[in-house]
Amino acid sequence: MASSNGTLAQGSVLKGLGVGLNAVVAEVFRVAPMQALPARAKSTKSVDEERESLRSAIGAVGAHLDALGAKVGSTSAEIFDALKFLLEDDELFEVAEGHLAEGWTAAAAYGMAVDEFAELLGGDPDFDERVKDLQDLSKRVQAEIAGIKVNLELPIEGSYVIVGEDFSPADTAQFTPAVVGVITISGGPTSHTAIICRSRSIAAVVSCADAVDLVDGDVVLVDPVGDRVVVGGEISSATQAITFIETGREPIIPVRSNIGSLEDANKASAANANGVGLFRTELLYLSATSQPDVASQSASYAEILTAAPEGPIVVRTIDAGSDKPVPFLHMPHEENPSLGVRGFRLIREHRSFIEDQLHSIEIARAHTNREVWVMAPMIATAGEAREFADLARSIGKFKVGIMVETPSIVTQIADLKGQIDFLSVGTNDLSQYLFAADRMNPALGLLLNPWQPALIRTLARIASEAEAAGISSGVCGESASDPAFAVVLAGLGFKSVSASASQVGAVRSALSATSVNDAKRIAAGALEFSTAEEAKAFVTAELSNLN
Amino acid sequence: MALFTHEVTVLDPIGLHARPAGQIVKLVKESELDVQIGRPGEEFAKANSALRLMALKIKTGETLTLTVEADSEATAGEIAAQIQEFLKG
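For the record, the sequence lines run as chains A and B.
Going by numbering that gives the first Met the number 0, the letters in the first sequence line up with residues 0 to 546, in that order.
Going by numbering that gives the first Met the number 0, the letters in the second sequence line up with residues 0 to 88, in that order.
In case anyone wonders, no lab produced these hints; they're calculated from the structure.
Some hints could be false.
[What the hints assert, rightly or not] Lysine to aspartate or glutamate pairs mimicking EDC-like chemistry, simulated, CA-CA at most 20 Å apart:
{"hint": "1", "chain 1": "B", "residue 1": "Lys25", "chain 2": "A", "residue 2": "Glu87"}
{"hint": "2", "chain 1": "B", "residue 1": "Lys58", "chain 2": "A", "residue 2": "Glu245"}
{"hint": "3", "chain 1": "B", "residue 1": "Lys87", "chain 2": "A", "residue 2": "Glu527"}
{"hint": "4", "chain 1": "A", "residue 1": "Lys14", "chain 2": "A", "residue 2": "Glu532"}
{"hint": "5", "chain 1": "B", "residue 1": "Lys56", "chain 2": "A", "residue 2": "Asp132"}
{"hint": "6", "chain 1": "B", "residue 1": "Lys56", "chain 2": "A", "residue 2": "Glu532"}
{"hint": "7", "chain 1": "B", "residue 1": "Lys28", "chain 2": "A", "residue 2": "Asp89"}
{"hint": "8", "chain 1": "B", "residue 1": "Lys56", "chain 2": "A", "residue 2": "Glu233"}
{"hint": "9", "chain 1": "B", "residue 1": "Lys28", "chain 2": "A", "residue 2": "Asp132"}
[What the hints assert, rightly or not] Derived coverage of chain A by chain B (criterion: at least 3 residues anywhere in the stretch with Cβ under 8 Å from a Cβ of chain B; other residues may be distant):
{"hint": "10", "region": "88-95"}
{"hint": "11", "region": "116-127"}
Don't be surprised by glycine CBs; every beta carbon is placed ideally from N, CA and C.
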């Protein structure tokens with residue numbers, strides 16, 4: 000195996016947050032942050048030369064968009080066609096030519112022309128995405144002229160651990176089969192990178208600040224269970240995921256699955272999940288340009304309800320906001336979308352949409368004869384919970400509940416006695432609001448670690464107050480996909496957990512191998528620690544001793 | 000060549016957004032005719048640029064005036080009818 004040629008000594012341990020259970024050893028492939036674009040400058044060349052340089056850069060970016068379009072196939076290829084149309088816009092080129100005539104370089108002229116159109120289109124939420132597209136095209140054209148690489152250009156063959164600051168959805172879409180491990184310097188356990196790696200079973204460690212010193216050629220052990228990366232580490236030294244003895248028993252609480260599409264519903268059934276703990280309904284609407292009618296909505300729901308695993312199906316009403324806009328609801332731009340009009344708050348402006356959604360779910364429920372529970376996201380007061388419960392019960396034969404994501408509703412669970420049937424904790428958003436830490440800010444990943452004592456104690460309070468109020472409680476956030484954390488949740492008194500389909504099997508084994516008394520003892524112990532690291536280390540050690 | 004004027008109404012719920020703007024520009028370029036679009040009484044945009052059309056920020060329900068420089072009323076009418084089709088959403 001190659002030796003390290005970087006500044007980090009063999010055996011160096013870099014701490015981070017592990018994602019998933021599989022360790023891997025491979026060579027580092029550093030993904031450099033994109034070089035800064037050169038400052039806008041006046042040209043030393045002729046206008047004709049600059050015009051030619053602009054034309055050929057636009058041509059090259061256009062050819063790249065064609066290639067991407069061909070790769071993704073017909074359904075998404077339209078997106079790339081639309082981008083090409085913006086890129087090659089006649090007036091955009093004319094405006095840029097005007098700046099060339101003033102003596103600017105091709106890159107500067109195109110950048111200025113795009114800025115001018117972005118200004119014209121600005122302030123209109125319908126065009127926010129197009130303005131972002133335009134600016135991205137501008138960046139690509141300028142980078143092309145300067146000879147700067149914009150794409151990841153990942154290896155296609157071999158096996159590599161890719162190391163970078165954090166990866167955007169566009170980046171992760173380019174992951175090749177050669178990507179066997181991922182390390183991010185920032186980005187937390189709920190970052191896009193973490194979610195993608197978990198669902199594809201790619202070994203990953205995120206929020207690993209010391210990884211900044213890794214260089215191409217270093218061979219590293221990515222050890223997610225140990226929350227670490229070891230330079231020169233052998234696979235045999237990877238921290239073993241606690242293996243639970245297959246007991247053949249049923250888990251001590253039901254393990255449901257999170258789904259968002261028909262494909263997910265099929266996966267959840269294959270994974271032997273006990274029903275669905277979170278059916279995210281946004282996917283059915285995010286790409287629609289006009290509001291689908293009740294008939295087409297109910298047909299989509301019926302198809303998914305039919306495919307869902309046996310057991311109750313918990314459907315969450317739309318959880319959109321200005322960062323996850325539904326095109327036909329025309330949501331205005333907000334400075335702080337996560338603190339804005341989102342989830343159930345949409346009822347003020349869009350009551351008929353939420354009513355239609357519930358009607359569609361009821362038609363699908365009656366048609367498929369499945370047990371359907373409905374819940375609303377982003378409930379902050381007992382009044383909102385009641386409003387939703389009354390609305391849902393007037394429309395369908397559902398069990399009715401709420402998501403617990405805001406710290407405010409945590410203090411009002413007792414007030415909900417007799418009003419709702421169940422609650423489900425979304426630990427990702429609850430962490431974001433409890434720690435005042437933006438989930439989208441990669442620098443704040445460590446605050447969103449589910450082992451944080453403040454989160455565990457808040458969860459303990461939710462479980463015990465729900466119990467006292469006769470409300471069934473569950474957890475459907477990312478944290479419930481971690482088998483060790485799921486044991487803690489069961490021990491705190493939650494009545495079900497819901498994990499991503501890929502993790503259902505692992506969570507089921509953990510909750511089958513543990514007794515109710517063990518889970519209670521472990522959860523009580525976890526509540527005693529003042530740091531996330533200690534709490535996790537305690538639970539891991541206790542679970543290893545059980546076997 | 001003569002200048003023909005038509006009216007079209009934007010029925011697309013998102014208004015004159017990227018997709019219809021792109022369809023209009025494609026049609027106009029293929030026709031090789033001079034077509035301008037705008038709100039009555041305001042400055043018109045040449046329909047050879049989707050960005051320029053989008054920058055008019057036209058919303059659903061608005062009625063627009065279309066001028067087509069063509070050799071016959073029939074040609075102009077056909078272009079206008081196709082543009083109206085694109086604006087139905």
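Note to self: Output the indices of the hints that this structure fails to meet, ascending.
What the structure shows: Violated: hints 2, 3, 6, 8, 9.
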